[in-house]
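Peer 1: Chain residues, written in single-letter form:
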Amino acid sequence: MVAPISRWPARLDVIQGVTGLLLVLFMWAHMGFVSSILLGKDAMYFVARMFEGEPIFGKPYPFLVSIVAAVVFILFAVHALLALRKFPSSFSQYRALSQHLGWFRHPDTLLWVLQVITGFALFFLASVHLYQMAFHPSDIGPYASSDRVWTGRMWPLYLVMLFAVELHGGIGFYRLLLKWGVFLGDNPKRNRRRLQKIKWGITIFFIVLGLTTLGAYMKIGIEHADRAGERYVPAAKLGGE
Amino acid sequence: MNLIPAREIATQETPRKLRITVLRHNPSEPDITPYLQTFEVEEGEGTTLFIALNEIREQQDASLQFDFVCRAGVCGSCAMIINGKPALACRTLTRDLPDHVQLAPLPGFELIGDLSVNTGKWMRHMAERVQTWLHRAEETISLDALEERQDPDLAEKIYELERCIECGCCVAACGTAQMRPDFVGAVGLLQLARFKLDPRDTREDADYYQVIGDESGVFGCMTLLGCEDVCPKELPLAQQIAYMRRQMALIK
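Sequence lines, in order, name chains A and B. Note that the first sequence covers residues 1 to 241 in this note's numbering. Note that the second sequence covers residues 242 to 493 in this note's numbering.
For reference, chain A alone in the conformation it holds in the complex (with noise of 0.2 Å):
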């Protein structure tokens, strides 16, 4: 027998799937953190406080923010790089992409081509996300993340990102069940049906939740506006002031 190829393109394939998941995962843990804000400024002051490790440490360090975000940022980056090798990448690949879409109107097909193109997006809105919560990370919480959308003038990027994100990470959690076989049981094409219907599900309530949370941000940035920078001072510490 020939020496055997390489084992890399196999754990390549692992490896993007595995960060895909990871990255999916976090991204709607974080939809549901980022709108506590919907339950009033003190629950989203708890939950800023507690990726700060205050209820552990008893007072708050936003380094720990940092060494999430470091660890957010190398999970996106090596998924980005690993999915570049499914990037069409010539104008013989483009072109030969474009005359498939152009008579092969492919649902399935075209989820992909949307994830490329959301995929290509997170390139750049991530990464300003990303290093802002890096180096800003005690820039969190009911007013500081307010002035952020608003004076800030981040919610035209949340407003993409929260897109491409949802619809990415949807698609891409849709697409790796699939890719591996996996919850397709004896019935594939009743489950793969089964499993698009609950992945419009999730899409669409993160992207509900996530349009009613940057409203709410928005809204509170409004009207901080004038004294953005100030922070917020929960309920329980005035009262006990």
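Hints in this document: simulated from the structure, not taken from any laboratory. Incorrect hints may appear among the rest.
[Said to hold, decoys possible] Cβ pair distances, simulated, as ranges: (1) A:F163 with B:N359: 42 to 48 Å; (2) A:S6 with B:L387: 41 to 47 Å; (3) A:L110 with B:E270: 31 to 37 Å; (4) B:E389 with A:R7: 31 to 37 Å; (5) A:R7 with B:I382: 32 to 38 Å; (6) B:R257 with A:R7: 57 to 63 Å; (7) A:R85 with B:E296: 47 to 53 Å; (8) B:K398 with A:V208: 42 to 48 Å; (9) A:L81 with B:L375: 36 to 42 Å; (10) B:G325 with A:R95: 16 to 22 Å; (11) A:L25 with B:T274: 34 to 40 Å; (12) B:P422 with A:L110: 52 to 58 Å; (13) A:F163 with B:E351: 41 to 47 Å.
[Claimed, not checked] So these bits of chain B aren't anywhere near chain A, every CB distance computed over 12 Å: (14) L305; (15) K326; (16) M367; (17) A368; (18) S383.
From the three backbone atoms N, C-alpha and C, an ideal C-beta is built for every residue, glycine too.
Dock chain B against the given chain A, drawing on the hints supplied.
Peer 2: Then chain B, alone, in the frame of chain A:
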């Protein structure tokens, strides 16, 4: 499975006129640019596209090129793009199509002329590359000895995958195969899955990895699922590719 669904055929008072537009090009006449030609055919009861095309060739234009052998969805020769979807002409009833039908040759294969493409050349190249035949370690087979017994359930599973007719629809519908001509396609991965299932094939996982363990093989598949959605034999392509991916990814 493999039957044209029996449905009550409504008796029509005036038969429908079908307009069939064919993308025509003959590579042996490079001076003539590819063009669209429309034919009109009267639809009969149970007319398939294969019947309509034969009628055109017999009565309207003897130069129209297209392939067929079995006219029963078994030989895989008459695959073509029918209104933007790869399918077999002989298994497509015109009553399921609108009044205007557009036909084009399968992309990704060498064009012989009009709707005729050389899928055989592509399939042979793929088969030789990934070795889609039974490999046995023993050199000789005793013709006197009793044949090895096989579990009927396993035989059924192997037969299910054996139904592939190499029509090329999965390759035409695969965005990956269209962008990367060295990609093995669903047909190749399915056929290897079939031999992997077969205990008479003595190849090990490492042997399969040798031929499909890279991005022109199973790791090139981006799960666009075009293959799964167009396969005229309704083979479980996505499931089999996922199976090969798991096997190849877990290899030590």
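Peer 1: All the hints need checking, so say for each whether the structure fits it.
Peer 2: Verification of the supplied hints:
1. Against the hinted window of 42 to 48 Å, the Cβ-Cβ separation of F163 of chain A and N359 of chain B comes to about 44 Å, which satisfies the hint.
2. Taking 41 to 47 Å as the suggested C-beta distance range, the pair S6 of chain A and L387 of chain B conforms, at roughly 43 Å.
3. Hint check: L110 of chain A to E270 of chain B, Cβ distance near 36 Å, so the stated range 31 to 37 Å holds.
4. Look at E389 of chain B against R7 of chain A: about 33 Å separates their beta carbons, and that is inside 31 to 37 Å.
5. The supplied range of 32 to 38 Å is met by R7 of chain A and I382 of chain B, whose beta-carbon atoms lie about 34 Å from each other.
6. For R257 of chain B and R7 of chain A, the Cβ-Cβ distance of about 58 Å falls inside the hinted range of 57 to 63 Å, so the restraint holds.
7. Between R85 of chain A and E296 of chain B the beta carbons are some 48 Å apart, a value that agrees with the proposed interval 47 to 53 Å.
8. Hint check: K398 of chain B to V208 of chain A, Cβ distance near 44 Å, so the stated range 42 to 48 Å holds.
9. For L81 of chain A paired with L375 of chain B, a C-beta distance near 40 Å keeps the hint of 36 to 42 Å intact.
10. A C-beta distance of roughly 18 Å is found between G325 of chain B and R95 of chain A, which places it inside the suggested range of 16 to 22 Å.
11. Remark: the range hint 34 to 40 Å for L25 of chain A to T274 of chain B is contradicted by a beta-carbon distance near 53 Å.
12. Checked against the hint of 52 to 58 Å, the pair P422 of chain B and L110 of chain A fails, with Cβ atoms roughly 22 Å apart.
13. A C-beta distance of roughly 42 Å is found between F163 of chain A and E351 of chain B, which places it inside the suggested range of 41 to 47 Å.
14. Residue placement check: L305 of chain B keeps its beta carbon more than 12 Å from all beta carbons of chain A (closest about 20 Å).
15. The Cβ of K326 of chain B does not lie farther than 12 Å from every Cβ of chain A; its closest approach is about 7 Å, which violates its non-interface assignment.
16. In this structure M367 of chain B is separated from chain A by more than 12 Å, as the shortest Cβ-Cβ distance comes to about 18 Å.
17. Every CB of chain A is more than 12 Å from the CB of A368 of chain B (nearest about 19 Å), matching its label as outside the interface.
18. No beta-carbon of chain A is positioned within 12 Å of the beta-carbon of S383 of chain B; the least distance is around 25 Å.
The structure fails hints 11, 12 and 15 (numbered hints given earlier, in ascending order).
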